[in-house]
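Peer 1: Could you put the whole structure together from the sequences, leaning on the hints where they help?
One letter stands for each residue in the lines below.
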Amino acid sequence: MNITIEYYLILSAFMFFVGVAGVLTRRNAIIVFMSIELMLNSANLTLVAFSSFQGNSIGQLFVFFVMTVAAAEAAVGLAIIIAIFRNKLTVNIDEINILKW
Amino acid sequence: MREIIYLTVVLPLVGFLINGIFGSRIKNEKVIGIIGSGAIGISFLIALGAFIETLGLPVEQRQTIVSLFSWLSVGNLNVSFAYQVDQLSLVMALIVTGVGFVIHVYSIGYMHGDKSFWRFFAYLNLFIFAMMNLILGDNFVLLFLGWEGVGLCSYLLIGFWYDRKFEKSTTSDAAKKAFIVNRIGDFGFLLGMFLIYMTFGSLNFNEVFSRAVSFNISETTFSFIAIFLFIGATGKSAQIPLFVWLPDAMAGPTPVSALIHAATMVTAGVYMVARTSIIFASAPDILMVVAIIGALTAFFAATIGVVQNDIKKVLAYSTVSQLGYMFLAMGMGAFSAGIFHVMTHAFFKALLFLGAGSVIHAMHDEQDIQKYGGLKKYMPRTYFTFLIAALAISGIPPLSGFFSKDEILWQSYANGGLFFWIIGAGTAMMTAFYMFRLYILTFEGKERFGHEKHPHESPALMTVPLIILAVLSAVGGFIGIPEIFSGEHGNQFHNWLSPIFADADRKLASFSMHSHFEELLLMVLSVVFAASAIMFARYVYLKKPSIALNTSQRFRGIYNLLWNKYFVDEAYDAAIVNPILNTSRSFLWKIADNILIDGVVNGVAKIIDLTSKNIRKLQTGVAQFYALVMMLGIVAAFFWIILSL
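Here the protein sequences come in this chain order: A and B.
Residue numbering for the first sequence follows the numbering used here, beginning at 1 and increasing consecutively.
Residue numbering for the second sequence follows the numbering used here, beginning at 1001 and increasing consecutively.
Hints should not be assumed to be uniformly reliable.
If we take Cβ atoms under 10 Å as the criterion, some of the chain A residues that face chain B in the derived model are [what the hints assert, rightly or not]:
1) Val20
2) Leu24
3) Arg27
4) Val32
5) Leu45
6) Asp94
7) Ile96
8) Leu99
9) Lys100
In short, the hints are calculated from the structure, not lab data.
Using N, Cα and C, we set each Cβ at its ideal position, and we do this for glycine too.
Peer 2: Dropping the structure here:
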């Protein structure tokens, strides 16, 4: 079986929509956070796939950037979630809705 | 002195600025008075110097223009601050600064102790500044600047005692009335100016007047220009139909009535007609209108004056009537006779007003002549000068009023016919009658005031101006002795002014010849009329006061008509003021403003308020909702891009 680029793209699109669904539907901030990571990684997968199929290393280079940014983001994001939890004793994002009319 | 004539304009302005800005801090009445009067006094000396210098020049060099700076320069329109020295403007300048100076000095005494002493002198100086612009300006725009300026000062000074009651309302209402009625006239004047610029392509006097002679312009155009200018003149000079403001203008302090509403400002219309004489002479129909309006105004104002009881009201109607005389002269093409009457009238009417002020001063603000009587032994100087002025205005020779009034009467007979003479002579008779009614009720007869009043002669600051004006009223006429006494070309005043009116005279050159005998006869007749009117007034008000009462009882209807000034104010109220007021109130205010404009403005606000109240619910605070919307947006954008490919 010959593995073409479509497989990778379809997989990454599937991963991306799982992530979107997670972000939009889950109430726990940690899980929303994980879903965001999932979306980032689906993008990484696309970049790697194109890089490999075109024999061009720039895509892989970008993946390192994304991973670095994601690590930094995870650190800040988790810190925020902990801070919120300390204040409100919950990480349910539909209960954290004071920024409204 | 002719080159520095602009100082006569600048000095009053300087006086106004000093008194207006620092007056409230100076506080010293003497200093303020000296600054105010001094500015005018020096202006008078300069004008006098210029006059004497001009007298020594040959006729063709007498006109000169002193240009200060360019004011407006737009396209072909060039207007500069340039002052014209010629025979006419010099006469007017001498009247304004001379009489103005005397009245300034008088005001120091009259306004003594007033809380706004400095404001009064600031306004008076501002007035002289505007008036000098009006008479010295060498173009219509500068004339109009002065024209509006004197209107403003008139407004400010009528309402000077803004916290006092005047008749049924306040002095501020009288001031507003004067201003608004004048605006109607000013509108006509502006239209006239526009038309002049359209026709002649210039607003400069010399250019316009020379083009009026040389250009081929239809009489209709001249008629329109003349009628618009004359509408302006009726406003400023209180002629039918715009005379209603002048009697109310008496709400101002008496020196103001003397200076602005008798001697100078109200003659601006006469001056303007004289200045534009060539335009009026080119429109004979309008000249006739001027004559008729003048004659009617003279007559009707005099009839009102006969029954009024307020000393200043009588003088006010007398002023309207005398202004009518001047316009009658203008309408007859007797321009120099009209200006002559402007001058003599400035002397004796200013004197009458100042005398009235002196009486009012002595009687503690009482103005009803029925409550005077027998004042001559308390205030001999006021009495004597007032008598001279009353004789002068009645046209008794050899006082100044005789010469000017008689010249007008003669010209109206010679150029207009018997009808105008009869109206003029009838007016002269009534004038003599009501002036002596006023004089007798004030100074002669029994005292009709209570013991709480202690009339006293006014201080020298007030009586010396009276004496100066009395001398002028007495001898001022001798510069214009009619030709039947002084021989061919013997009328000095006429000779002096004739170059100004030469073009107009040439246009109107259709004087029918009349014999000297006729002139002498009419002169004697008018003097006899005036003298008999005086004797009649003496008889009625001194010997048999009951006659006056009986007559007013018997002719109740006429008396009421006159007492209420022909109900002109009421008619204007009913025909113009009230409809405007009612439309404003019921339509413009309650419908147009409250419903339409407020409705639109408030409606827009309400719509925005309602929509935003609903739309703001979208901001739920739930981050996931925002993410959903964002995603939907991205998907939509995506589809749009794909579909548009």
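Peer 1: Against this structure, judge whether each hint is valid.
Peer 2: Going down the list of hints, with the structure as the test:
no.	hint	result
1	Val20	holds, 6 Å
2	Leu24	holds, 5 Å
3	Arg27	holds, 8 Å
4	Val32	holds, 8 Å
5	Leu45	violated, 20 Å
6	Asp94	holds, 5 Å
7	Ile96	holds, 8 Å
8	Leu99	holds, 5 Å
9	Lys100	holds, 3 Å
Comparing the model with each earlier hint shows a violation of hint 5 alone; every other hint is respected.
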